[in-house]
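**Student:** Please model the entire structure based on the sequences and the hints provided.
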Amino acid sequence: MEILTRLFDSLSTFTTIFLGIFIEAAPFLLLGTLASGFVEVFFDKDSLTRIIPRNAVGGAVVGSLLGLFFPVCECGVVPLTRRLMKKGMPLSVGVTFLMAAPAFNPIVIASTAAAFGVGRVLFLRMILTAIIAIITGLIFSLQKNPQELLLPIEMDAHEETQTQIVAPWTERVRQALIIAADEFFEMGRYLIFGTVIAAGMQTLVPQALMLSVASGPVISVLALMALAIVLSICSTVDAFIALSFVGTFTTGSILAFLVFGPMVDIKSAIMFMGVFRKRGVTYLVLLPFVLTVLVTVFINLNTTW
Amino acid sequence: MRLKSYRAFQALILAAIGIFLLEKIWSGTLFWYINQRYLILIFAAGVAFLALAQTILASRQKKHDHADHDHHHEQTYSRWGLVIIALPVILGVVIPQRPLGTAAIANKGMNTNAPLTVNGSATSLELASTDRTVLDWIRAYNYESDVTKFDGQKANVIGFVYHDSRLAKDEFLVGRFALSCCVADATAIGMIVKSEKSASYADNSWVRVAGTVSAAEIDGKKIPSITAEEIDKVSEPEQPYLYP
Chain E
1 MEILTRLFDS LSTFTTIFLG IFIEAAPFLL LGTLASGFVE VFFDKDSLTR
51 IIPRNAVGGA VVGSLLGLFF PVCECGVVPL TRRLMKKGMP LSVGVTFLMA
101 APAFNPIVIA STAAAFGVGR VLFLRMILTA IIAIITGLIF SLQKNPQELL
151 LPIEMDAHEE TQTQIVAPWT ERVRQALIIA ADEFFEMGRY LIFGTVIAAG
201 MQTLVPQALM LSVASGPVIS VLALMALAIV LSICSTVDAF IALSFVGTFT
251 TGSILAFLVF GPMVDIKSAI MFMGVFRKRG VTYLVLLPFV LTVLVTVFIN
301 LNTTW
Chain A
306 MRLKSYRAFQ ALILAAIGIF LLEKIWSGTL FWYINQRYLI LIFAAGVAFL
356 ALAQTILASR QKKHDHADHD HHHEQTYSRW GLVIIALPVI LGVVIPQRPL
406 GTAAIANKGM NTNAPLTVNG SATSLELAST DRTVLDWIRA YNYESDVTKF
456 DGQKANVIGF VYHDSRLAKD EFLVGRFALS CCVADATAIG MIVKSEKSAS
506 YADNSWVRVA GTVSAAEIDG KKIPSITAEE IDKVSEPEQP YLYP
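Same order as they appear, the protein sequences are chains E and A.
So the first sequence is numbered by my numbering: it starts at 1 and just counts up by one.
So the second sequence is numbered by my numbering: it starts at 306 and just counts up by one.
Careful, some of the hints might be misleading.
[Claimed, not checked] Taking lysine-lysine and the DSBU-like style, the derived pairs with C-alpha atoms no more than 35 Å apart in a straight line are:
(1) Lys-459/A to Lys-45/E
(2) Lys-499/A to Lys-526/A
(3) Lys-474/A to Lys-527/A
(4) Lys-499/A to Lys-459/A
(5) Lys-474/A to Lys-86/E
(6) Lys-526/A to Lys-474/A
(7) Lys-499/A to Lys-538/A
(8) Lys-527/A to Lys-459/A
(9) Lys-87/E to Lys-454/A
(10) Lys-45/E to Lys-87/E
(11) Lys-454/A to Lys-526/A
(12) Lys-278/E to Lys-527/A
No lab work stands behind these hints, which were simulated from the structure alone.
**Tutor:** Written as structure tokens, this is what we have:
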């Protein structure tokens with residue numbers, strides 16, 4: 001009986017955490033797919049290519065700033081990035097946008113300022129996010145043929161002929177909504193699969209393990225990055241979580257949590273699999289990971305904050 | 306699956322998610338999962354899911370559905386895709402729902418470092434001592450460098466009972482979960498309660514504790530301790546969590 005009770009307790013905790021993440025993430029994923037649907041129907045290819053500079057560095061810089069105009073978190077950014085790339089956004093710009101937008105946007109700037117005040121942490125979070133996103137994007141730009149990293153988009157493969165015809169706007173809105181719904185079902189699978197894993201790990205892996213190594217310059221960074229991956233919390237509120245580590249954890253590790261968390265966590269990494277081939281997903285996880293470790297360990301070793 | 310029936314199931318699932326979210330708001334159990342400040346967002350999402358369901362349903366009648374072609378790839382039509390999206394609703398209906406309990410502490414751990422906010426900490430100090438919640442007390446302790454200034458103040462808090470293995474026999478923790486966003490980031494916080502009758506209160510039952518505060522330590526970290534004068538069993542509050 002004892003075992004049954006504990007099993008039921010675990011199942012109950014799992015369900016509560018699973019539904020918690022889903023209920024919180026579903027509206028944001030819906031927003032992302034709606035944005036994607038409207039971009040598809042109301043945005044023509046030319047307007048996008050006009051905004052984005054031709055050269056790789058300029059393109060990546062613009063990509064890192066686009067989040068200011070598309071305030072999406074890490075769930076919504078995935079379908080939107082795929083759509084923008086389909087509309088002609090170069091791979092390197094898309095990747096920079098994918099990495100930067102969940103943190104480099106007005107909502108997250110506001111929540112970070114609310115938690116930490118306008119100061120070093122806010123400033124460094126945004127700068128490091130932009131730098132790491134740009135470097136990751138530039139590395140992707142070395143890939144000559146983007147199709148080797150991207151999954152083909154088969155979905156609504158022929159609607160281009162339809163958008164050529166100038167349909168009445170009610171019809172176009174209807175089109176946008178149907179695309180959004182289809183995409184919600186497509187990306188939602190990855191979100192839910194990722195949520196199951198995140199909730200499972202939260203139910204089974206003791207977090208005290210990760211929090212017991214607060215002071216080492218390297219190990220503290222790795223611990224909080226592991227926590228960011230497991231928690232899979234929305235980038236719009238992670239600053240408040242990070243605040244509870246101030247005083248015990250090194251500043252570098254708190255920055256690592258704030259910079260790496262919005263780029264990669266369990267649910268977003270699994271959502272990448274809906275857009276990128278395996279090799280692409282590996283790069284998207286490893287590059288920000290290595291770059292974040294390098295930068296934040298450097299901060300830990302060279303400053304006395 | 307044929308497109309027409311696929312669309313019907315899509316509409317059904319979207320509507321189910323919408324109703325699921327709205328029902329959570331209606332019954333008040335939404336706050337078992339996420340911070341109360343998301344109420345409007347969830348309400349809007351619930352309505353949007355219903356509207357989307359209606360749009361999909363209506364589009365079945367039209368001839369020019371954008372995906373209505375035979376060569377269309379099969380994955381969009383897969384049954385399993387539909388089942389996975391319906392999973393949250395299925396789990397929510399099949400498994401009895403309840404807020405996080407002390408069982409979750411085993412993995413989440415008891416956090417003595419409460420989530421502080423720049424403004425929140427000062428507000429906690431301004432409250433009369435008997436108005437402070439468990440969260441306010443932990444914040445006050447994290448904020449003040451000299452916690453002995455709280456010694457002798459009266460506390461009156463509600464929380465669940467948790468017998469932490471690090472405590473003495475005549476002690477237990479009166480705890481709450483604090484969450485910023487959703488239960489994924491919930492951390493358990495608590496104050497020590499000193500009472501002879503400690504063993505008679507079961508883990509996860511809810512109590513109101515009144516008594517005098519003094520500073521104690523767990524693992525080298527100062528946390529508030531209440532020498533209980535009165536302990537009442539109470540029912541679980543409608544909003545079981547505290548929001549930093």
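**Student:** Please write out, lowest number first, the hints stated earlier that are contradicted by the structure.
**Tutor:** 1, 5, 9 and 12
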